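Chains B and L, in that order, are what the protein sequence lines are. Per my numbering, the first sequence starts with residue 76, numbered consecutively. Per my numbering, the second sequence starts with residue 89, numbered consecutively.
Check each hint, because a few of them may be wrong.
Said to hold, decoys possible - A short, non-exhaustive set of chain B residues, derived as facing chain L with CB atoms under 8 Å:
{"no.": "1", "residue": "Gly102"}
{"no.": "2", "residue": "Met114"}
{"no.": "3", "residue": "Ala125"}
{"no.": "4", "residue": "Gln259"}
{"no.": "5", "residue": "Val262"}
These aren't lab readings, by the way, just hints derived from the structure by calculation. Since the structure is predicted, the reported quantities are computational estimates derived from the model, not experimental observations. All residues carry an ideal CB built from backbone N, CA and C; glycine is no exception.
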Amino acid sequence: MNAFVRNLRVVRRMTAADIAQQSVYRGAWIIFMLANICMPIISLLIWRTALASGAQLPVDERYVTTYFVLLGFVTMATSSWMAGFLAQDIRMGKLSSWMIRPASLLAGFVANNLSEKFLKLFALVPMIGVVWWIFRDSMNIPAGPGRWALFAVSIVLGAMLVFTIDILIASLAFWMDDVSALVQARVIIASVLSGAVVPLALMPEWSRGFVDHQPFRYTVSFPVEIVAGQLTGSELLAGLGFQLGYVVVFAAIARLVWAAGIRAYSAVGA
Amino acid sequence: MSTLDRTWWHKQWRHARLWRRFFAQAVVRETHFRAHFLTTLLVGLVQLGLGIVPTLLLFGFTAEVHGWSRAEVIALVGVFQIVTGLMATFVAPNLNRMTTYLTEGELDGVLLRPVSSQFYLTLRWINVAELTNVASGIAVLVIGLVQADLSPGPGQVVQAVVLVGTGLVLLTAVWSAMSFLAFWLQSVNPIGFVFLNLMEAGRYPLVFFPVAVRTFLTFAFPVAFATTFPVRALAGDLGWGTVALGVGLAVVAMLLVRLVWRRGLLTYSSASS
Chain B
76 MNAFVRNLRV
86 VRRMTAADIA
96 QQSVYRGAWI
106 IFMLANICMP
116 IISLLIWRTA
126 LASGAQLPVD
136 ERYVTTYFVL
146 LGFVTMATSS
156 WMAGFLAQDI
166 RMGKLSSWMI
176 RPASLLAGFV
186 ANNLSEKFLK
196 LFALVPMIGV
206 VWWIFRDSMN
216 IPAGPGRWAL
226 FAVSIVLGAM
236 LVFTIDILIA
246 SLAFWMDDVS
256 ALVQARVIIA
266 SVLSGAVVPL
276 ALMPEWSRGF
286 VDHQPFRYTV
296 SFPVEIVAGQ
306 LTGSELLAGL
316 GFQLGYVVVF
326 AAIARLVWAA
336 GIRAYSAVGA
Chain L
89 MSTLDRTWWH
99 KQWRHARLWR
109 RFFAQAVVRE
119 THFRAHFLTT
129 LLVGLVQLGL
139 GIVPTLLLFG
149 FTAEVHGWSR
159 AEVIALVGVF
169 QIVTGLMATF
179 VAPNLNRMTT
189 YLTEGELDGV
199 LLRPVSSQFY
209 LTLRWINVAE
219 LTNVASGIAV
229 LVIGLVQADL
239 SPGPGQVVQA
249 VVLVGTGLVL
259 LTAVWSAMSF
269 LAFWLQSVNP
279 IGFVFLNLME
289 AGRYPLVFFP
299 VAVRTFLTFA
309 FPVAFATTFP
319 VRALAGDLGW
329 GTVALGVGLA
339 VVAMLLVRLV
349 WRRGLLTYSS
359 ASS
């Protein structure tokens, strides 16, 4: 328990330091977030056109609109970009210096993740606000704070899930020379299976069983679905259960693989 | 006119010969990195396949949208793949380096050479492996045209090729202008992401967007000239007026970018000295 509290304290300190450091690049974050909402807006316009010209979708205009307006926010909030960097630290031997420090190398990556997201929020939320305002007449806004609270919980769980998946992929660098192809594959596969390209509700009928239960759904689509509607109370509970289950399972596997990797690690340059 | 060239034409010819050297060097270089060639090919194919998913899903719910059938949109995805492949081959490797050129002072070395610095910065590096995406784009285009039962005549093919050319020039001009902002902003790497994300709009016909956005995608971010108009030309429902408009816009855009470059260069004060 002591180690856990110590790690938490380290993460808190490092996050604060990172925020101070990263806020130098304020302009860059704004431009990054501008790029981040381009795709959801393009998809939003396309699917609204399809609906308006008589396409028979299984979801209505309000669902599609709410989905894509919130999508940019959720993909940002649950994203992780560290796999490539972590793999590089393992391969180049930067891990060595962390092994004699009183906290894990991963603490640094958690701090980096949290601090960048904190800064991105300031750039992204006003942009989402503007898009929301433009489409305010066809947004689904859940009554009461309950759904929003679940939305927040689900985003946190989703972020943890993406982060542990990234640890898993990066840990393969303990045994492989180059994991960049794997990282790229993860990004491409996840973009479709997480619902970041097309809402999973629009996936064909034959793929339903697989699409609804695979882990990537819980990284982006599920939190958005909580607000965009359609989920009944029991589906919500089951979904949250699945999400929590995936987080626990992936965290356990990541922990095992990471520990095995540390044992197999032979520092470069030592 | 420098003493190197007797006339303006000699200067252009010298640059064309230089570019041929760049290309030859890039081909030789690629043969040394065969794994890179293979991964580029594989990633390109997977991205092409996944990029077409929204289109296929969309046309699972309806037979046509604003007069566009599924086959025509597939042809358009093919043209999009050709255009993005060409940009990734000839333009992206250069404009992605713009920040380094300016912040590391590499531009100093370029300015000293007996070559147009803007030409050198925009076209020096070539990623030959990305040409595989142009090939797969041509394949998708042909599949789309066959499915749509279109057989364009030579005049229409000329129209389409010219339009793709103007689209490429226009998009390169926009991206260059965005990159040359580095003279004032220091770092422009994120601007490249904005450009690539906006490009995605080119996957869909122009009429799929609201009217205001259509204007934006025709004149401000002219991706319409690169994808929608060429496919409409192949379908035979586009006059030479649009082609002329595209050529005119391309000339104006090149002149404007030239101006931005000149103004930017005036503010450049080297990074190391």
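Consistency of the hints with the structure:
1. Gly102: holds (7 Å)
2. Met114: Holds, because the Cβ-Cβ distance from Met114 (chain B) to chain L comes to roughly 6 Å (cut-off 8 Å).
3. Ala125: holds (6 Å)
4. Gln259: This interface hint holds because 6 Å falls under the 8 Å limit.
5. Val262: Check failed: Cβ of Val262 (chain B) comes no nearer than 10 Å to chain L, outside 8 Å.
In the structure shown, a violation is registered for the earlier hint numbered 5 alone.
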